[in-house]
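Q: In case you want the letters, here they are:
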Amino acid sequence: MPTVKITIDGTQIEADNKRTIIEVAREHGIKIPHFCWHPKLSVSGNCRMCLVEIEKMPKLAIACSTQVADGMVVHTKNERVVHARNAVMEFLLINHPLDCPICDEAGECKLQDYTYKYSTGYSRFDEDKVHKPKRIQLGPHVMFDAERCILCSRCVRFCDEIAGVHQLQFIQRGDHTELTTFPGEKLDNPYSMNVVDICPVGALTNADFRFKARVWEMSFTDTICQGCARGCNIEVGVRNNETLRLTPRRNDDVNGYWMCDHGRLDTFKFVNAENRIKAPMIRKDGVLVEVGWDEAIARVASELKSFKKSEVAALGSPFATNEDNHIFQRFVKEVLGTKNVDFVRHIVEGDEDNILLRSDKTPNSIGAAEVGVAPVEGGMSFDAIIEGIHEGKIKALYALEDDVAAVPGVAEVLPKLEFFAVHAANENSTTRYADVVLAAATFAEKNGTMVNFQRRVQRLRPAVTTLELDRAMDGFEMSRWDKFAAHNDKWGKGPRRDARASWKIVASIAAAMGTKFKYNSADEVFNEIAQRVESFKGLSYLKVGKKGAPLKAKAMAPVHA
Amino acid sequence: MERYILPDIPNFHEIDVYEQHGGYSALKKALGMNPAEVTDEVKKSNLRGRGGACFPTGLKWTFMPKDNAKPKYLCVNGDESEPGTFKDRQIFEFNPHQLIEGTLIGCYAMGITTAYIYIRGEYGKWIKMLQKAIDDAYAKGYIGQNILGSNFSTNIYLHKGAGAYICGEESSLMESLEGNRGYPRVKPPFPAQRGVWNCPTTINNVETMTNVPLIINKGWEWYSKIGAPKHPGPILVGISGHVNKPGVYEVATGELLTDLIYNYAGGVPGNKKIKAIIPGGSSTMILRGDQIEGVRMDADSLKAAGSSVGTAGMIVMDEETDLIRVISRISKFYYHESCGQCTPCREGTGWLWKILKRFETGEGRMQDIDLLVDIANNIEGNTICALGDAAAWPVQSMVRRFRDEFEKRAKRSEAAAA
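As they're listed, the protein sequences go chains B and G.
If you count by this note's numbering, then the first sequence holds residues 2 to 562, one letter each, in order.
If you count by this note's numbering, then the second sequence holds residues 11 to 428, one letter each, in order.
Hints are supplied without guarantee of correctness; some may be wrong.
As the list claims (entries may be wrong) - Listed next, the stretches of chain B that the computed footprint assigns to chain G, with coverage defined by at least 3 CB atoms under 8 angstroms from CB atoms of chain G:
| # | region |
| --- | --- |
| 1 | 79-92 |
| 2 | 172-182 |
| 3 | 299-306 |
| 4 | 339-349 |
To be verified - Below 30 angstroms or equal to it, Euclidean Cα-Cα: the simulated DSSO-like pairs (lysine-lysine) are:
| # | chain 1 | residue 1 | chain 2 | residue 2 |
| --- | --- | --- | --- | --- |
| 5 | G | Lys313 | G | Lys135 |
| 6 | G | Lys54 | B | Lys130 |
| 7 | G | Lys197 | B | Lys78 |
| 8 | B | Lys111 | B | Lys32 |
If you're looking for bench data, these hints aren't it; they were derived computationally from the structure.
Bear in mind that the values here come from a model prediction, so they are computed numbers and not experimental data.
From the three backbone atoms N, C-alpha and C, an ideal C-beta is built for every residue, glycine too.
Only chain G is shown next, with the shape it has when bound in the complex:
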């Protein structure tokens, strides 16, 4: 299919090239519309957030209060830190102006005069590239006062994170932006009620905002027909692990996972069998290799298969993969990144990892298997933010779908001990 998020045009990241190919025309069109019409257009397009939760973007925009005297803010989440996820950085590198244009359109639709793009601090090269794009857009009058001669003014600030995964969680992102320790906030109040600086705030993912100019330019009907009807549009899929051509691929939603692996990513090296895949970043539930036939990269299909789209960062593991090491490493990540604020995640993530580490080093026991699930269950749903869930799901799904691996390991250690 034709690529809309990462079009195959040389130097598309340069503002002149972007303009030559119709860049910023969506902004011009939007400024000629009523802000509510813009929101409505996005709502009808059925665009769903690309940050992991697949929440309908247009609906989110309508949560912003209309009769509130306080300033309103937009935060564009580019903290991209989920293991297996590396798609937003392609946008920073290859199509930053479409992100900026989408951000401006979102600001116009919601009556926002300040937008922050919160970017992962480790993205040194891409921070520079995005800042250059922002500067160029300012110079051409797309950002700033009276944009394109209209009454609409807005500023975009690039804000660097400082290396915490938790700051990609929207409420910690706001805390971090305010200069505070990256602790998630208790919800409610939700960001649209009380967000950055206690003002109404909307937080959208980088890829989500990059979709917005397409919808404005080509209309919601066009957009909603791309890919899976309930989760339409182009989507960036990051494929890593045991594939011949790892990378980020732009496809329409609803692409078969097997197509993604075998056609786009060139299949598994050595033609080995697939033991497991993690479809949408490390927090999404792991699927057995024999579960992926007919499953598609969209919210409904992956939900039915027992997982989720997440950030569409797919990790492929061949038949020789030691899944105990995989889950141990994933758990170590969530343990390391747990902010420590609320009890179940703070204490539970470390406990999970310590047990899994024992399995890895040959000290796992039979009774630990159910204990792992129980600890994960006790974290899930009981925490302030979704990091607890993100730590629990991989463990739950790994035990559920690969219990035999744990049992084998436990038996071996028990035999060695005896």
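So here's chain B without its partners, still in its complex pose:
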């Protein structure tokens, strides 16, 4: 890599000569303001916000498209540059509506932030503003306000270059230029909502989230999307203990800056949903009724004890964490002593792309298998378990969080069971057949880890509080609202469910059956996994961190087996 020596604001930097000033500056902590430049998109150079002075060049140059060269001396903060930035800000604002108080972007708006940071705070513009269409539904999930648009073209480039579909383009000229979709087209692709994230203003808004909350009222917790085996890194936006929004979180090894619309829209609403299991339930006279945890646990323990080991089967879950699955398989093998344990794969062949989407629609199938959710030698696999229920060989089933009854052929056999206990967060086709439903905390309510298709371990963190977590504020992010709002506005006022992490529920059942699993927290469970499972050796929550860590590679099978 040929390197060059350059100076930025007096700091000497060695850099790859193929890189641009803005990239090199960024890597060295020098922030050059910009609207149109994005690290994962082609350079457009239209906003002119990143103008910098380069000694010996007559004009200011844009840092986003200017490659570094040996001996280059760059100034990003001198009077001339500051003047040019003020001018660009003034230009951008002359036709921009002053509607921040009703704009969804306010609080996370680049234009608003830069106005405070890089503008004079005063406009000399005394003319009529240009008016353009508002409230345009560009596609199923994205709303557009043409007056707020600063025409940076990030969304156009995103569609062309990342989503690979040509749906957006500008029409008209000058200050009448307007973003629109091509005739007969909509902004409709599996990744369409990323344009909302990269829009530096409130022009493109999330049709699902808009007007639900001011962003400064929300807390944002780093976690992992549950939509498929990619495990996109995300932030969960929460207000008043309700999940309102998912947004992608940068991780260049997994999802870059992006996530798909399915993950963004379809993988969090069950947390707040009406059909949430709010407390453990036992079927009495054919109807599930809420009971206390002690009663539910005692019931499961006594029922499971009453069957022969070979009559019991257990299903772990690719939707549950490694911690949940680990304790579950220990319980099944060590306490129940059954060999019949497996989990259901949810693969939709062909439903994947080379962007993010994976055909494995579960977030943790590798993790579940890796920690040992698999039939013990001589035990039954999932298909055999279903067949066993049908034949009456399996009489009791204990299942983690998964709507197994939705798998073809399963619902028909479930009524044959003498006892069926399931962990569930929401009412679903499976809970209809259950004798005991154990109220499971969702991904948004617990600590834990999952392993994505790249065999990368990633952390879940609680973003929403349950009754139990209220007492242990483990890893919670808090919003300004949480910290400073009046008492009656705090997140604790929102709905709180009496749900628990599955591993805790399993440990309680084990205890009721006479075996004590002593863990105080999810990271203690993880430490045990790291000791016992070869591929997790050496890992800890600290090492997994915010961006995850790869599992150890599997030992390669010998070539001549």
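Starting from the known structure of chain B, fit chain G onto it as the hints suggest.
A: This is chain G only, laid out in the frame that chain B set:
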């Protein structure tokens, strides 16, 4: 002087007549030379581009990479849309074959096998005439495969614009040619590095290419002695506005502006005084009538006078001209034609026009005068292409040289308001 670009020969646009007067002999001569020698000849002639920037043509040709496996392209810019400029269409009408011959010589010099002539879409009649000339040249074997029996082959395509001024800017011209929205490209990379279809490209003006056969035929020494030594050759000057005989005049560079106005264009109607002139198309800086004495139509002289040659489209304004209306109209043009890609030009051109419109309708204010200059200064040099500069210069120069007109207007409106 003798005319070389628009010679006084009847039916010179017809290929037979062109051939009878030595047409295509320069191409024959060039094909007998080494391509590098051809470029060198043009370089030594000191021919400078007639499209507005006066860039040395031969030097531009040398920017084309020699050891690049990609195809190379020549674009001949005939988009001619600058207000006050109407010279290239004379070439399309009266001397299309010399343009074609020059284009072919340029292709040979740079090893180019495809040339595009990008012509202004509104030039309906001239599009037909140029296409006929191209067809005739194909029929006679001057364009196409193995030109005049040599190993050199090239094609020339005529491409019509769709009515945007910005597409006369060389990088938007290439975007437009590729079928894209007319947005200028960020430079670098320059066209010679990455131009049309991402391949090395040279873009030259129509009049520039029409000069090339002269240089090859008569030699660089002959050519470089015509007119101003640092900016030599014949030049087409379009004169419009308050003159008795508006039109396009072929002169040698370095002609006195006063000669052009009073001798060639027949002076000002009613013998009125000249209040102002715009020497080279609407984007060049306006000069006061009392500034033009001794100023000549060449790059150095006009630069010294505080303006530029541009496209040599001179607009003459007599003493009764309302310059506020003039600048308001010019600003409206650049506002209308700003492509909208980059911030300062997109937002600034509209702002300038809105203020100037107020001056025109009697609502100008004293503080607006400095604001106009400040807005123009904030556009100038900070945009992707030169349209921003083209919008800024007329405003800057108008305020600088006719501040009194603005002040008078502002005082009048303020008095009316009071």
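Q: I'd like to know which numbered hints this structure contradicts. Please list them from smallest to largest.
A: 3, 4, 5, 6
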